[in-house]
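If you follow the hints, you should be able to join the two separate chains into one complex; please do so.
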Amino acid sequence: MTFDPRPMDLLPALDYWLRTVGGIALIVLLTSLMSVGVSHRGAAIKLFGGESVGCLKDLISLSPRRVWAVAKLTFMEAYRRKALAVFVIFALLFMFAGWFMGGETGEITPDHVTVYVSFVLRTISWLTLPLVLVLSSFGIPEDIRLRSIHTVVTKPARRLEIVLGRVLGFSLVGTLVLGVMSVVGWLWIVRQIPSELLVCRVPVYGSLEFRDRSGNPAAAGVNTGDIWEFRSYIEGATKARAIWTFSNISERSLDSEGNLHLENEFLAFRSYKGDMKRSLLYDYQLINKKTGQSYTLPARPVNENRSAKDVVPRKLVDDAQKKEYDLIKDFVTDGKLTVEVSCIDREQYLGMARPDLFIRMPDLGFESGYFKAVLGIEILMVLVVLLAVTGSTFLKGPIAALLTAVILILGGKDCHEFMDQLVLGRTSATEGFRGGGFFESVYRIVTHMNPTTELPQNPAFTIMKYTDGFLTDFLWLDKQVIPRLEFFNMAEYVSKGFDVPFDSSLLPSLMILLGYFIPCVLLGYFALRIRELESK
Amino acid sequence: MSQSGATKESVIEIRNLSKVYRDFWGRPKVKALNALSLDVRRGEVFGLLGPNGSGKTTTLKLLLGLLFPTEGEIKILGKSAADVEKNEKIGYLPEESYLYRFLNAYETLDFYGRLFDMPASVRKERSEKLLDLVKLAPQARRRQLKEYSKGMTRRIGVAQALINDPDLVMLDEPTSGLDPLGNRDMKDLILDLKKQGKTVLMCSHLLADVQDVCDRIAILYGGELKVMGRVDELLKAQDETQILSSKLSPAAIEEVQAVLKKHGANVLKVDQPTANLEDLFLKTVQESRERPGHRTVKDGTAS
Numbered sequence: 021m022t023f024d025p026r027p028m029d030l031l032p033a034l035d036y037w038l039r040t041v042g043g044i045a046l047i048v049l050l051t052s053l054m055s056v057g058v059s060h061r062g063a064a065i066k067l068f069g070g071e072s073v074g075c076l077k078d079l080i081s082l083s084p085r086r087v088w089a090v091a092k093l094t095f096m097e098a099y100r101r102k103a104l105a106v107f108v109i110f111a112l113l114f115m116f117a118g119w120f121m122g123g124e125t126g127e128i129t130p131d132h133v134t135v136y137v138s139f140v141l142r143t144i145s146w147l148t149l150p151l152v153l154v155l156s157s158f159g160i161p162e163d164i165r166l167r168s169i170h171t172v173v174t175k176p177a178r179r180l181e182i183v184l185g186r187v188l189g190f191s192l193v194g195t196l197v198l199g200v201m202s203v204v205g206w207l208w209i210v211r212q213i214p215s216e217l218l219v220c221r222v223p224v225y226g227s228l229e230f231r232d233r234s235g236n237p238a239a240a241g242v243n244t245g246d247i248w249e250f251r252s253y254i255e256g257a258t259k260a261r262a263i264w265t266f267s268n269i270s271e272r273s274l275d276s277e278g279n280l281h282l283e284n285e286f287l288a289f290r291s292y293k294g295d296m297k298r299s300l301l302y303d304y305q306l307i308n309k310k311t312g313q314s315y316t317l318p319a320r321p322v323n324e325n326r327s328a329k330d331v332v333p334r335k336l337v338d339d340a341q342k343k344e345y346d347l348i349k350d351f352v353t354d355g356k357l358t359v360e361v362s363c364i365d366r367e368q369y370l371g372m373a374r375p376d377l378f379i380r381m382p383d384l385g386f387e388s389g390y391f392k393a394v395l396g397i398e399i400l401m402v403l404v405v406l407l408a409v410t411g412s413t414f415l416k417g418p419i420a421a422l423l424t425a426v427i428l429i430l431g432g433k434d435c436h437e438f439m440d441q442l443v444l445g446r447t448s449a450t451e452g453f454r455g456g457g458f459f460e461s462v463y464r465i466v467t468h469m470n471p472t473t474e475l476p477q478n479p480a481f482t483i484m485k486y487t488d489g490f491l492t493d494f495l496w497l498d499k500q501v502i503p504r505l506e507f508f509n510m511a512e513y514v515s516k517g518f519d520v521p522f523d524s525s526l527l528p529s530l531m532i533l534l535g536y537f538i539p540c541v542l543l544g545y546f547a548l549r550i551r552e553l554e555s556k
Numbered sequence: 006m007s008q009s010g011a012t013k014e015s016v017i018e019i020r021n022l023s024k025v026y027r028d029f030w031g032r033p034k035v036k037a038l039n040a041l042s043l044d045v046r047r048g049e050v051f052g053l054l055g056p057n058g059s060g061k062t063t064t065l066k067l068l069l070g071l072l073f074p075t076e077g078e079i080k081i082l083g084k085s086a087a088d089v090e091k092n093e094k095i096g097y098l099p100e101e102s103y104l105y106r107f108l109n110a111y112e113t114l115d116f117y118g119r120l121f122d123m124p125a126s127v128r129k130e131r132s133e134k135l136l137d138l139v140k141l142a143p144q145a146r147r148r149q150l151k152e153y154s155k156g157m158t159r160r161i162g163v164a165q166a167l168i169n170d171p172d173l174v175m176l177d178e179p180t181s182g183l184d185p186l187g188n189r190d191m192k193d194l195i196l197d198l199k200k201q202g203k204t205v206l207m208c209s210h211l212l213a214d215v216q217d218v219c220d221r222i223a224i225l226y227g228g229e230l231k232v233m234g235r236v237d238e239l240l241k242a243q244d245e246t247q248i249l250s251s252k253l254s255p256a257a258i259e260e261v262q263a264v265l266k267k268h269g270a271n272v273l274k275v276d277q278p279t280a281n282l283e284d285l286f287l288k289t290v291q292e293s294r295e296r297p298g299h300r301t302v303k304d305g306t307a308s
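From first to last, the protein sequence lines are chains X and V. Oh and the first sequence: position 61 is 81 in my numbering, straight run, nothing missing. Oh and the second sequence: position 71 is 76 in my numbering, straight run, nothing missing.
This is chain V alone, in the form it adopts within the complex (with noise of 0.2 Å):
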């Protein structure tokens, strides 16, 4: 096993994959995959990255059997895409969290739960501690999911992918249509199933978040894979060096900088480094929960 938690098995693996997209008559209309080869490791997080129309929610519904392949070979757990038992040990969380809107948390729960042939009681038990660990507040478990927010529907959406407590996580866009809160709360969550050692296969658009959670990525464009590999590697800038100290007063800065020129290094940026926005408002959210009336204006004022 790897620093990552992944080992060298294979969960996933893609030959040559390519799929076109076909009109009314047959003719080749658009060409979404094109011999994508790759495979996903056990217990890595693996993210699948791309802009719009790359190819990313192709490839995962045709791991999923929801499309057939043009070409190419797909091994999921062993099996063959279109072979249903491979969906025993799978979780997958749609890109919009397509359920039934008539059904409120815990029915859909219960019925996802019944296509796994689990008996009542366990059913029972799974919703409700699914239902605690995406964080649905207790008094929305009872209304319908067309009474439900975009992050309310996202976090039941979670709950029925984790159902069957998977091997496999596939989440397509995990993290779009929720609040800084609900994003934090969905990295930490895939984080954690890769700590239970589950794999975790994620489409993304959105690249810090990526960053945040994925071991290996890769990168799609116009349905061809374009780059691969692990994030802190591809990321690591060759040429520069990086230090990090306590905060220093500017005579023992100048002095840094004068040893550093005297090794002949290009000195290219001195300052403060600064929190992302996303830890700042997390903090924020916090201090205001503790502190009810609490402001902070950053011109000078406080109250």
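Isolated chain X, as found in the complex (with noise of 0.2 Å):
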């Protein structure tokens, strides 16, 4: 599994929103304002005016104490209907769970820190998002077939108020559930976990540059073979680097005593046994770009399997020269510093991706990446009943459940991967998929013709080519809509040890809660408002 967080370009991801939702919306208007002029001909214009003016006024007039009212009802009705039993299964889960997950010997290894903490998030996750989808996708569905919801729109509530206000009282309804079973599992991992393995390192990442072996640039390493290209991999005792550029760079990236924290997990790669006792050897070297000057650090055994943390201090010592050197003021230019790493042992080879080095900044204390990390679920578990709650308003519960559970699906990043390359399969030439669209792969497959092989040149075949086509267009719209869910899993960071970043993962998150949150209750709303609240 790839962990590599990267930042999210705030500025692009907001232009794209703004063209894909004001696109969206355009063709949205224009074909209810043309299925109006069908329908009502003459007076098109005026009623579809007198709808628009009704809409702006609604949107003016919502009243926060409505939506409060409608939040509160919806909160006790989820009380009161015994929702909240959940809460029975949980506890079964935990009250056995040490049972299955301890070593046979009891004790506990960084990786049981991992399986832990895992397994408490996961578990939170997989019982609160399946509840809040349930009663969400069901709320209005059964206030419209019971009819009470009749009492309510006879009222001056605004349908945007009562959307607003069953997503507020799911989501009351999930942040309860979700803030006492965090608290639990807290609990749970602190006494069986001792705490100086509960660590929340907080890295500082780089970008990565890679030289070959004569020290020309090159888009990534060597592959020494392995199909998973995360890393890539530097020869030994060549001119082949790996070159991490650092930003942001200055006194405070040093601890109390002045030292800088590298910490690295890099993977060697054995071309011939050679001595096994020995590990393979890389060194770091400090290159300051604008003045050329540079500082070789003292050879490093690699850690298999295991981060290896090298403290580097602040006053360089270059005995060869007689000099001394001042990190911070030698080696760091606006805020950038450059660390170039390469392997020493000739022939053999050490692989490395992006994430593999970074700086460690001063640790936190573990609730602090646990609670992001559950942070991060109520993000999720938001977004769960604003899609749940907009499905409801114009299809039925279970429907409305379906829906929602297989956005969630499709959003998960597996899924979304297979989706680019479908999508990129037509338009380009290299990640192209063989085969083609659908109609051309079923009648290849029933007509046992190989992928490679050309269809014939005809009418039939040209219509069943723009049709794939199609299809793969409608996909594409598919992809623009569902939302990328894996920035919602910061589990992995806390299970692995790291603190959750804000800029790659709750950020992205919040950003994708809102871009969703606005059209969805704006389609919420217009859904109610265009319906007969009457159950057929």
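Just so you know, these hints were derived from the structure itself, not from any lab. There may be inaccurate statements among the hints.
In silico DSSO-like pairs for lysine-lysine, Cα to Cα no more than 30 Å straight-line [unchecked claim]:
| id | chain 1 | residue 1 | chain 2 | residue 2 |
| --- | --- | --- | --- | --- |
| 1 | V | Lys94 | X | Lys77 |
| 2 | V | Lys34 | X | Lys66 |
| 3 | X | Lys102 | V | Lys155 |
| 4 | X | Lys92 | V | Lys94 |
Pasting the structure below:
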């Protein structure tokens, strides 16, 4: 699994969001105008204008008290209908989890920490998310089925307030469940795991570039035959280098004693056995690109499958040249620090990816990372509520629940990547899938035609290709509409002993939530406004 | 203002209102309402009558914006039916009291009060007042509505309809499911609302109830308006005369009949007037409260 947190580019994301939402809004507006035009002909403009004014009035006269009334009602409904019985399942899981998770010797190792923390956070997610999904999907449809909504919409409650109140109410239910479970889970972790193993490292990642064995820039290092291309390798005792550039480095990046902490997780690849009792060696070279100064730190052994911690003192003494350097003054320019890594052993290889070397800032308390991961679950939970409530404004409960579940499945990293490949398959010659789109693939399977064989040239196959193209365009649209949920998975950071980064996880999650919030609430509002609230 | 307390001002104006229910494919399924036109005037109690499926509830739901008209126009308190602002001055009691069954009486009224943006103190005061008005027993007020009888649910339904002190009250089958006492209370309440100058529009197929409280009625059948007018005028028998006197002896009755015959009258019926069953029931309950253990059996024995 790749673990490569990257900061979100906010401005391009905002630009993309505005264009996508604006485009969809324009299509909806034009379609509804055309449909009103067809059904009401001459009176269409007046009717459309009247409706638009009514909508604007609804938006302006939004009352927090009414929203809160619906939210409170929603919360009480869930509470009195015993939705909180989910705590019983949670309690049962935690009462007996220790039996199955402890090692045979009872000793807790860092690997156990990963398993324990993942277990707690996953359990919380898997209990909370289905609960809010079901509750939120059935709230409004049940209200319509039982006609209780008649007593609400015949009061001055706007449809928008009903949607917002429902979203807020179900979010509060989920928050209560999540809050209690996360505190219990945290207590369970700190009781099970020794405190020295519960760390929350704060990494500062840099950018990575490679030089090949001749010292020329290269897109990546050498592939040693691993089909997993996340890490690439530099060859030992050549000019091959992995060069990291860290930004925003200053005295604040040093600890109280003036040391810079580097931590790495390099992989060794031996092309011959060599001395198996000795680890491969690597070294760091600090470079000042402006002045050309450099300083090589003593060689260090690769710590296989474990992270290696290296301390770089602020005062660097070059015994050979009898010179002294100041780490910050001599090697940091414009806040940037460049570190070159080379492998020392001849014909051996050192594997690395961007997040494999980072500057380790002072650690935070474990609870800091843990509760940020809980916040990630909370944000995802609100997104689930939002999608389910929106779906429930125009679908019946079970269908709304199914739709939300499908969106969540498609929003997963693997599905998104697969959709990326399918969509790219049509536009990129190199990344393309063999065998064509849906209809072409079916044709090839049925006729046992090799995917590399060209299709015959005739109108039927041309139509088939265009139809496939249309379906791919539709998939492209789906891909834009389905949220990327990989950002919400913050458990991985905590279980690996990292803090949850704001710019590459919390911020994107919040932005995704906000990005969906506005169109979803508006869609829910219009869906309730244009439908007759009569149970059928 | 007329004798009934109604003014000429129309609170509800319906013009050529039609409603067609369609199936999944958009094909017409049922024409529930056909070119209905009527006005409801400020301060009157107006009854919409008709058998089941005649379009009464559909009309009410169209007025409230719960359904959209296929054709026609609705003005309610000077606004369109789709305008939410009109609801500020409307109270609505649905056919079944579709309330939230997991709330108790106070929570129910508090919830609906919030929807009118009322401050907490006003909500509290109004809730107490309305629960007293609808005579909901104090010990029942903290119980969830799912434990209520139909009559109790109806009472809390009325209370929620009046939470905003509305100008126009729409009641769908207000007396359905009520015992005779509740029925009487409901009718008294409607008359009381009328006294306060409020306009009441009610749907019902219980004709006696409508006759007791309504100033004007409209009778719908098959989605069409068949009869509309003042109740007293519609019910008046134009070619008959009724004389009511204190009890007469048989001889006096014969003498009166002779005089009537002399003037060419055809005497149709001479008997003692009877109270209606509702009056008898209310009297019995009242007596039972005052004299516990008393029993009257009309086969000649009493205890």
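Right, here's what the structure says about each hint:
no. : hint                     : result
1   : Lys94(V) with Lys77(X)   : 18 Å, holds
2   : Lys34(V) with Lys66(X)   : 29 Å, holds
3   : Lys102(X) with Lys155(V) : 25 Å, holds
4   : Lys92(X) with Lys94(V)   : 24 Å, holds
Comparing the model with each numbered hint stated earlier shows that all of them hold.
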